[in-house]
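Number of protein chains: 2
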Amino acid sequence: MPQFMDVHHGMKGITADQLKEAHKADLAIESQENVHFTRAWADPESGEVFCLSEAPSAEAVQRVHERAGHKADEIHPVPLTV
Amino acid sequence: MPQFMDVHHGMKGITADQLKEAHKADLAIESQENVHFTRAWADPESGEVFCLSEAPSAEAVQRVHERAGHKADEIHPVPLTV
Numbered sequence: 001m002p003q004f005m006d007v008h009h010g011m012k013g014i015t016a017d018q019l020k021e022a023h024k025a026d027l028a029i030e031s032q033e034n035v036h037f038t039r040a041w042a043d044p045e046s047g048e049v050f051c052l053s054e055a056p057s058a059e060a061v062q063r064v065h066e067r068a069g070h071k072a073d074e075i076h077p078v079p080l081t082v
Numbered sequence: 001m002p003q004f005m006d007v008h009h010g011m012k013g014i015t016a017d018q019l020k021e022a023h024k025a026d027l028a029i030e031s032q033e034n035v036h037f038t039r040a041w042a043d044p045e046s047g048e049v050f051c052l053s054e055a056p057s058a059e060a061v062q063r064v065h066e067r068a069g070h071k072a073d074e075i076h077p078v079p080l081t082v
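Sequence order for the protein chains is A and D.
Numbering (full-length UniProt numbering) for the first sequence: 1 to 82.
Numbering (full-length UniProt numbering) for the second sequence: 1 to 82.
Excised from the complex, chain A in its bound form (with noise of 0.2 Å):
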C-alpha cells in the first residue's frame, strides 16, 4: 500500500490530548476509505501536524481528513523511505 505524509499548517498550540483525540477521529473512520493513519508528530510552536499514513491515494486520505474535521493543507506520496 503506498504511503503518505500530510502536513497540517496553523495548528499552533495543539496539547498532546487535542493530537490524540484528532488522531482518534481519523482511526475510527479510516477504514472507509481502506486507509490507516500510522504515526503524527506534533510541533505546538509552529503549528505543524505531520501523518504518515498507508493509503490508496492521496485523495483517500483526505476525505478522511476532512470527514474527521481537520482538512490538511499538503498531502505527500512518499514513495521512497529509508
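Since the hints were derived computationally from the structure, they do not count as laboratory data.
Check the hints yourself; a few may be wrong.
Which bits of chain A does chain D cover? Going by a derived footprint, with three or more residues having C-beta under 8 Å, they are [unchecked claim]:
(1) 14-20
(2) 43-57
(3) 69-82
Calculated cross-link-like contacts (lysine-lysine; reagent style DSBU-like; alpha-carbon spacing at most 30 Å) [to be verified]:
(4) A:Lys24 <-> A:Lys71
(5) D:Lys71 <-> D:Lys20
(6) A:Lys12 <-> D:Lys24
(7) D:Lys24 <-> D:Lys12
(8) A:Lys71 <-> D:Lys12
For glycine and all other residues, C-beta sits at the position ideal for the given N, C-alpha and C.
Go by the hints and put chain D onto chain A.
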C-alpha cells in the same frame, strides 16, 4: 532525547539511491553532534523530503545536515507524537 522533523524542499526527481546515500552521509557523522536520524521519506514529484531524528537541539540537526551537504529548509521540534 527530543525528536525533530525536518523538511527539505526542491529535491524533485530524487531517487531511492540518492535518498539512501544522503541518509548514509548523515549517519556517518551524526555522532559528532549526538544526533540520530531514524527515518526519512521522500516525494520525488514535489521534491519534499522529511527526516525524523532524535537530537539535543534543532541546531545540532542542522549542523549534521549542513556538513553532509544538504541543509534543511525547516526543522520542527515534535514533542507530541501518536
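### Verdict on chain D covering the segment 69-82 of chain A, criterion of 3 CB contacts below 8 Å
holds (count 8)
### Query
CA of D:Lys71 to CA of D:Lys20, is that 30 Å or under?
Given pair D:Lys71, D:Lys20 holds - Cα atoms ~16 Å apart, limit 30 Å.
#### Entry: Restraint check for A:Lys12 with D:Lys24, where alpha carbons must lie at most 30 Å apart
With Cα atoms ~33 Å apart, A:Lys12 and D:Lys24 exceed 30 Å; violated.
### Task
Starting from A:Lys24, check that the Cα of A:Lys71 is at most 30 Å away, please.
holds (15 Å)
### chain D over the segment 43-57 of chain A, status - at least 3 residues with CB closer than 8 Å
Coverage by chain D holds here, the residue count being 7 at a Cβ distance below 8 Å.
### Query
In terms of beta carbon proximity below 8 Å, does the segment 14-20 of chain A have 3 or more residues touching chain D?
Holds, because 5 residues of the segment 14-20 of chain A bring their Cβ atoms closer than 8 Å to Cβ atoms of chain D.
### Query
Does the alpha-carbon distance linking A:Lys71 and D:Lys12 stay inside the 30 Å limit?
Distance of about 25 Å is within 30 Å: holds.
### Message
Given the hinted pair D:Lys24 and D:Lys12, is their Cα-Cα distance within 30 Å?
### Response
holds (20 Å)
The structure is inconsistent with hint 6 alone, although it conforms to all the rest.
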